[in-house]
Amino acid sequence: MKINNENGKNKLELKNDMTIQSINCQEFEEFIIDFLDSNLSSMQQNIFLKHLNECPSCKRYLEDYQKSVKLSQAAFDNKGESDYEAMPEELVQAILAARKKLP
Amino acid sequence: MDLSKKVEISTNDIQLVEQLKHGDTDSFEYLVREYGGYMLAIAKRYLHNDADAQDTVQDAYIRAFQAIHNFKGHSSIKSWLHRITVNSALMKLRANGRRPVELIDDSPSLFDGNGKRIETNSEITLSIEDLAIDANKQWLVKAKIDLLPITSRNLLLLRDIEGYSTEETSELLNISIAAVKTGLHRARQRLKKSLESERY
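These protein sequence lines are chains A and B, in that order.
Residues 9 to 111 in the working numbering are what the first sequence lists, from first letter to last.
Residues 237 to 436 in the working numbering are what the second sequence lists, from first letter to last.
Derived by calculation from the structure, the hints in this document are not laboratory data.
Treat the hints with caution; some may be incorrect.
Claimed, not checked - Below, a list of computed lysine-lysine pairs in the DSS-like style, where the Cα atoms sit at most 25 Å apart: (1) B:K378 with A:K108; (2) A:K109 with B:K328; (3) A:K75 with B:K378; (4) A:K108 with B:K314; (5) B:K280 with B:K373; (6) A:K108 with B:K308; (7) B:K308 with B:K257; (8) B:K378 with B:K280; (9) A:K58 with A:K75; (10) B:K257 with A:K109; (11) A:K67 with B:K257; (12) A:K75 with B:K373; (13) A:K75 with B:K352; (14) A:K78 with B:K308; (15) B:K328 with B:K378; (16) B:K373 with A:K78; (17) B:K328 with B:K314; (18) B:K308 with B:K373; (19) A:K78 with B:K257; (20) A:K67 with A:K78; (21) B:K314 with B:K280; (22) B:K352 with A:K58; (23) B:K328 with A:K108; (24) B:K280 with B:K328.
With the sequences and hints as input, model every part of the structure.
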């Protein structure tokens, strides 16, 4: 994640010294991962949420971004069915035979 | 599905590990029959054919047998085997080299000179409910993930599907935490674009 300025600090880091009050869409996007992982400080999060509330375009972007994450998780959701594959007997025997050869 | 978190090891696991450490043959067979199907399902998430997935499970068991004396009990046996399987699958992928990927629009989001987003009309029309009632839609999303570039696919699987943390993913892929974050964002963007390109 890079939003480096000339001091080598990113813009949200600079917000901790209260020098910056807002971010643009590009900066917003670069902090989505940390936002979703709850890794932003409360001050950083406030600035992030402020942009989210003021920018319909980023709001739509974030909604679809989160939707694609949820769709990928739903694709692997086995709806309570077993998450086990049938284990071929030949594979069981091959593993046990390989174990016997171990030093 | 977060098996990566540390859990208290059960009494049964403690007993099983002790028997494995003493070389008890029946316990090794139990370990294979009890968890083999689970490990095979994990391996198939990463590998495209049954033979590679089965090789991965066999490799994972060999590594587990060799490492059982180092098992510290910081996690359940299932969680421990899960991680070994993921590691073995990643090694198999590296050994297999390149594979076909979907030619999707891979450009990042567009911004004007002031960093303001340039909007497109694209949106994801597929819903979570669609996947819940239609196995074909589930398959379609899985296929989209399968066709991502390998690094993107592995990051999505590890972070969003397996539930490993950023730090754990960094260890498994041997890349920096910053690279995990940047790569995951790129992977999610790629999947988003790929899903937007379809009309359901």
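message: For K280 (chain B) and K328 (chain B), compute the direct alpha-carbon distance and say whether it is at most 25 Å.
response: holds (12 Å)
message: Holds or violated: K314 (chain B) and K280 (chain B), Cα atoms, limit 25 Å.
response: Holds, at about 17 Å.
query: Holds or violated: are the alpha carbons of K257 (chain B) and K109 (chain A) at most 25 Å from each other?
result: holds (17 Å)
task: Compare the distance between the alpha carbons of K378 (chain B) and K108 (chain A) with 25 Å, and conclude whether the hinted pair is satisfied.
output: violated (38 Å)
field: Hinted pair K75 (chain A) and K378 (chain B), Cα distance within 25 Å
entry: Measuring from Cα to Cα gives roughly 15 Å; hence the hint holds.
message: Run the distance test for K308 (chain B) versus K373 (chain B): straight-line Cα separation, threshold 25 Å.
response: violated (41 Å)
- prompt: Straight-line Cα separation of K328 (chain B) and K314 (chain B) no greater than 25 Å?
  reply: Distance of about 21 Å is within 25 Å: holds.
- prompt: Between K108 (chain A) and K308 (chain B), is the straight-line Cα distance small enough, at 25 Å or below?
  reply: holds (24 Å)
message: Against the 25 Å threshold, does the CA-CA distance of K378 (chain B) and K280 (chain B) hold or violate the hint?
response: Satisfied, since the Cα-Cα distance of roughly 12 Å is no more than 25 Å.
- prompt: Are the Cα positions of K67 (chain A) and K257 (chain B) separated by 25 Å at most?
  reply: Given pair K67 (chain A), K257 (chain B) is violated - Cα atoms ~54 Å apart, limit 25 Å.
- prompt: Taking 25 Å as the top limit, are the C-alpha atoms of K328 (chain B) and K108 (chain A) close enough?
  reply: holds (23 Å)
- request: Please work out if K280 (chain B) and K373 (chain B) have their alpha carbons no farther apart than 25 Å.
  value: holds (19 Å)
In summary, the numbered hints that this structure violates are 1, 11, 14, 18, 19.
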